[in-house]
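Novice: Sequence:
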Amino acid sequence: MATALVIENDPTDDPRRLGEWLTEAGLTLRVLRPYAGDDLPADLDGYAALVVLGGEQQPYPQPDGTPGAPWFPALEGLLRKAVRHRVPTLGICLGGQLLATAHAGEVVRSPSGPEVGPCVVGKRDAAETDPLFRYVPLIPDVIQWHVDEITELPRGATLLAASTRYPHQAFRLGDRAWGFQFHIECDTAMIATWATDSRLLARLGYDPDVVVAACDAVMADIEEVWQPFAARFAALALGELDDDRTPRPTLPLLGH
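Number 98 in the UniProt record's numbering belongs to position 98 of the sequence shown; there are no gaps in the numbering.
Rather than coming from a laboratory, the hints here were simulated on the basis of the structure.
For each label pair, taking beta carbons as the anchor points, the in silico distance ranges come out as:
no., residue 1, residue 2, range
1, Asp242, Ser112, 33 to 43 Å
2, Thr193, Tyr60, 24 to 34 Å
3, Met1, Asp39, 18 to 28 Å
Model, not experiment: these values are computed from the prediction. We put the CB at the ideal spot given by N, CA and C, even for glycine.
Kindly produce the complete structure, drawing on both the sequences and the hints.
Specialist: See the structure below:
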């Protein structure tokens, strides 16, 4: 069985439905929880894929230069190695932001404010030649829950999806690494946990019950779109995806 390394950055954002979809498609998951003391590996030898999940941390350093989490420098190093060595990679929300910052992209506290709850994003033309994204509908449902924003993609990245307020919703780096600003892994119970005593929702003046109900209403639509995406990602990791239409771009990749 091929193994995907999953980095869980926050105990409230585990692989959940995404993990189920990947295992159903044939991958075994090894989940590391660095917040609980798990050490990150020095490289990705023996892993068929890398998945980096979300969290409340900021992907950029504090004013004093301290990283958003102690393990982020090592995690960014893994992300650089994944892209360089063409290990299929998926970054979700914070994970997508770290994929960007690891390759000299820019993430800041969003000047457009937080984005929370069910949303749609729009595919860009470049998505039509992407081995995974071209099968996603034109305007797919997603879940949003973020205060930071990717304002500049890494050099050579391909923008795959956008929205009006947040132009960098999904991108590909190289030919096997994808970063999402949004969430696809959540179930309703996860959203309910995030909404409980949420300072973010209180600051926005959102009723937590309304947010949870709105997210719950789109869960079936999200599964319809993103379960096949996850299955194709797993097939790529397993070497079973026969698709040579995506060009292999030449990128100034960082790290070794």
